[in-house]
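Q: Next come the chains, spelled out residue by residue.
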Amino acid sequence: MSDLFAARSQMAISLGFHIIFAIVGIAMPLLMVVSERRWQTTKDPLYLELSKLWAKGTAVMFAVGAVSGTILSFELGLLWPGFMEFAGPIIGMPFSLEGFAFFLEAIFLGIFLYGRDRISPRAHLAAGVMVAVSGALSGIFVVMANAWMNAPTGFTLVDGKVVDIDPIAAALNPAAFSQTLHMTLAAYASTGMAVAGIHALMLLRQPSNAFHRRALTVALWVGIPAALLQPISGDISAKFIAKHQPAKFAAMEAHFETERGASLILGGIPDAATGETHYAIRIPKLLSFMAHGDFDAEVRGLDRIPRDEWPNVPVVHTSFGIMVALGSFMALVALVALVEVLRRRDLPSNRLLMKGLVATIPMGFIATEAGWMVTEVGRQPWVIQGVMRTADAVTPMPGLVYPMVFFTGLYVLLAIAVTWLLYRQIRKSPEVSEWRRTYTPARRPPQVQQHRA
Amino acid sequence: MPDALLPYILATVIVIALNAYVLFAGADFGGGVWDLFASGSRRKDQRELVAGVLGPIWEANHVWLILIVVILFTCFPPVFVRMSVALHIPLTLMLVGIVLRGSAFTFRTYDSQADDVQARWGAIFAVASLVTPMVQGMSAGAVIAGDLPLRPEGTFRSAYVDPWLGPFPIAVGLMTTLLFAYIAAAYLTVEAEATALQEDFRRRALIAGVLLFPVSAYVLFLSREEAPNIWTGLLASGFAVPVQAAAAICAVSALLGLLTRRFVLARFAVAGQASVMVWGWAIAQFPYAMPPDLALATSAAPAITLRLIVYALGAGAIVLFPSLWYLFRVFRGGRPAH
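Protein chains in written order, with the working numbering: chain G, 1 to 453; chain R, 1001 to 1338.
With the rest of the complex left out, here is chain G:
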């Protein structure tokens, strides 16, 4: 394994690991704070239990997200010193703003988790809101910096030297809007639908469990809008990429030859050597329409890109297909759930919908990983699109395969530990049947029992 490939693998694994914790760390506080608010307004103790359960989940995910994010901030230099020396002054500002957002998130999460008995309910709720807002902001700032790598602006190159730096123009680069929107929605859609799915799984076993019913409702409040908006945001992103990163777009769509009225290629295995895609479904003219809003528009293919500037077409096309397929399924389930809600149906009685929700548990996370594969692998061989090649950014240190293997092992162990811990937390959730609430006098809320695993 070459040092460059080892460095790329280590970065990919670190990002791939961190991203899961980052998106749960962004969306989970929203769930937590919504149920906290419900508890304060309804005084239904199940919402309190729910808020506490989700706060524990947030605590675990945030802690691992914070430390794995620290790895990334150092890895920028440990693996890509050439990139950082060039990009630091241009794109450092969103990173420093992210530092503050992260600071606030950590401070108010500490207050929310440990301060319930020390501050007023109002202050406690406000702390939760701060966690949710600063979590979303820190994600947005980091993605702005990543967007700059796709659409580098805010500087001029004169004989290989950077002049006329404009950090604000760099932060507000053309890719920033579509990417931050897509990523933020991904966080809420993935987490909201996954949490809804977990409680749907419990409701399949105990359809009358009031705790899981409330959890399902709150999770869907977050999951449904995000999952429904995500395809629209994806379309904005795709149109942007078609315009600004033709090589990435062509690889996503396995579009080898420039043509008018280009077909949309679904699935299949692209062969970069022959420029053909086998076993694919083709829908005539749709790609032209999706990219440029005109069925006869010309779509640039990989043939217009020098061969040494092609990304890995099979990887990008397959990742893109996985992301779109999973995202579409999630949007479909969200739509069905929304229709059921609007028809005032009892959601847990719809077992097919519950099963659909269970199926979405891993989908948002897999789609997010696949989306990052598209973004990052699709930009190769560039680390900064059209400006700096990844090979020129890597550290001179040899033997990079060793840290790569080591970190991979560390991440695997952490993933096992976190999974086990969250499983234990969910198993401990209370068993309260809805009928008990019905037959319990209104002033005496249902007893919360702890089911010990």
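It is possible that part of the hints are untrue.
What the hints assert, rightly or not - Here are some chain G residues the structure puts well away from chain R; computed CB gaps all over 10 Å: (1) PRO45; (2) SER208; (3) ALA272; (4) THR274; (5) GLU276; (6) ASP308; (7) VAL405.
Said to hold, decoys possible - These stretches of chain R come out as covered by chain G in the derived footprint (C-beta under 8 Å, 3 or more residues): (8) 1056–1068; (9) 1074–1086; (10) 1208–1215; (11) 1297–1310; (12) 1319–1332.
It is worth saying that the hints were derived from the structure and are not from the lab.
C-beta atoms are modelled at their ideal positions from N, C-alpha and C, and glycine is treated no differently.
Since chain G is already given, all that's left is putting chain R on it; use the hints.
A: This is chain R only, laid out in the frame that chain G set:
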């Protein structure tokens, strides 16, 4: 504010952040060290005190490090890059320590309360708390010594190992670990409610504080050969007398405070001693961001970047400091009655 001043303002901010990191995150690592060395009949109480104090604040305290890194790579990219290349191995070890310390601490809090599970996470937390300051100190020692090559040359060992694996960096690592443990023990004397527990940490603080003297002296002695700018800065420059005087006053008051059980005084004096060490390093190294050749002014990013970061830091500080004040106020003193 004139452009020429900007690198110095940002360097000052970095030193302030480093000072905060040492005083707060350093204490958290030190707390982990005392978890490792918990002993006697009150072993469990000692560990619970550490965990109770760390719980709400360690993540916020950790963010100072992120802030330092971010300012460094934005405002002084050549410094960040040279450090990242030459110190790849110790910085990687530090990251592993940070990850294991934080994760294990959180897992211990939320995993089963069974003794064996708690002991397993506790052991990882404690060992990582010891290793992390050690490699942080070694990395700092390598920077202070000015041994980081401009371009890695020669063998793997000479380029990537020798700069940080020598007597001087190891001594600085040891000093850092002892300092963090000292800070933690001194803070814990104030946090402990039971007298017996207070006495446990008083004894620990005294041990760490007394051991810190010979180790610091050894670092200073080695610096004459290994880090001459530190040696002259601390002993022969115009700052030498005030820095030495401040260090002496803090060190003596800290030990006296501990001996006479004036714990609040001891806590502030220890924090003062640690701060003098951080600022002493910074002043002695001035005007270099990284000796022997990277001066603050010449290694800084373009003025427009520096200016915007100063504004961002100013705006951030307006939100950050009240929030931090609130965090520490909420969790000051004992736990509430349930």
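Q: None of the hints should be skipped; say for each whether it holds.
A: The hints, checked one at a time:
1. PRO45: holds (17 Å)
2. SER208: holds (29 Å)
3. ALA272: holds (34 Å)
4. THR274: Nearest chain R Cβ is 41 Å from THR274/G, so the label holds.
5. GLU276: Given a closest Cβ separation of 43 Å, the condition holds.
6. ASP308: holds (27 Å)
7. VAL405: holds (12 Å)
8. 1056–1068: Our answer is that it holds, as 9 residues pass the Cβ test (under 8 Å) against chain G, meeting three.
9. 1074–1086: holds (count 9)
10. 1208–1215: Violated: only 0 residues of the stretch 1208–1215 of chain R have a Cβ under 8 Å from chain G.
11. 1297–1310: holds (count 6)
12. 1319–1332: Result for this restraint: holds, n = 8.
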